[in-house]
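Chemist: So the chains spell out like this:
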Amino acid sequence: MRGITPRREQGMADPVLAEMVHATGATESRHFAALKPVIQAYRASWVKLAPYRDGPVNSQRVTVDDPAPMTAQIKQKAKELGADMVGVCRLQPHMIDLGSEVVHEFVIACCVAEDYEKVTEGADAVEEEAMRTYAQCTEIATALAAYIRQMGYPAIAHHNGASEVQAIPIFYQVGFGELGRHGSLINEEFGASFRPGFVTTDLPLVEDQPREFGVQDFCMHCNVCQRNCPGDAIPQDHVMTHGIKRWLIDLEKCYPYSRLRDEYCHLCVDVCPYIVKSHPETYKAFMKERKQVGYKTPKTY
Amino acid sequence: MEKLYVNEIRPDGAVSTIGLFYSRAEAEKIVAMLSDIPEQAACRYEIVQAVRHVLAERGAQRAQTAPEE
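The listed protein sequences correspond, in order, to chains D and C.
In this text, residue positions in the first sequence follow our numbering: the first is 1, and each later residue adds one.
In this text, residue positions in the second sequence follow our numbering: the first is 1001, and each later residue adds one.
Every clue listed holds true.
Capping the alpha-carbon separation at 30 Å, the derived lysine-lysine pairs in DSBU-like fashion look like this:
1) D:Lys245 to C:Lys1003
2) D:Lys288 to D:Lys253
3) D:Lys36 to D:Lys288
4) C:Lys1029 to D:Lys253
5) D:Lys253 to D:Lys36
6) D:Lys291 to D:Lys277
7) D:Lys245 to D:Lys284
8) D:Lys291 to D:Lys245
9) D:Lys253 to C:Lys1003
10) C:Lys1029 to D:Lys245
11) D:Lys245 to D:Lys277
12) D:Lys277 to D:Lys75
Keep in mind that the hints were calculated from the coordinates and are not lab data.
Generate the whole structure from the sequences, applying the supplied hints.
Modeler: This is the structure in structure tokens:
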């Protein structure tokens, strides 16, 4: 199946970032040039695992008479490996990168929640936590793909080290939540503070279904992420893609804060009120700090 | 930078925005890639200025002066 969704290149391969960096007279993004050793180690970990995303498939195939118990087994395995959420859907072209082809029928989405308490420790701690969860997702996807191949079915891991699939449409389809104004998917338990890993496979599985619980309507009037964005990069207006509202982030405004300075920026996700249910005290304390420096906070929690 | 939407127009007239792009060359490359996919042959593509996006910018009236709530 051929993909139809463009993927923006990362780092200096992104022409927008490259143009902005070169305009400053530099050759590398300030943020990436200033990465701490612990962050560099996490990034190296997913690059190191990339060659193991695929591998030999056991010629002795496990028979799957009923996909339901197999799906339960796979989800249980993913949770044993450390996933906080696991979902399954049938692959569709808009879930695959434009220019890529994925031959498998299903995709398994795994998520690891970030420790939201890190917001109290500052941007460096938030970045380290994000990279830690990305690295953990890489390990989970790699191990889960190997587990499926051992059962005699092809399976490929997709993660930060190498991927041909798109997180948001898969997350939506497996029922993790809905797309928020800040461009990340919002789950009612984890907010937008979680990171992904995926496995595509032909193992017979049962699909999950999308779940909507009012996020897109809420985002129409909340605007907390928009008003807390230091670059003013989150738009008021949305576009529609496959029937879903999307607020397309203006990278020219985002990058000066997220790529062209040393400090990590994760504020649009950190201020999202959907995290308040699971971390009420931390969220309120964090938003109190934001209010003290002049940013908008929610009317109610 | 220039800001452009690439829109997909389906045979029934439904419009779906593919994404926001920052140069005509980048947008045209995406359209060319999509047009090369046989399964997408029934769709048309348009590149349009992201005017609404620009109108949505709040410029100087930005977050730091937002009223307290």
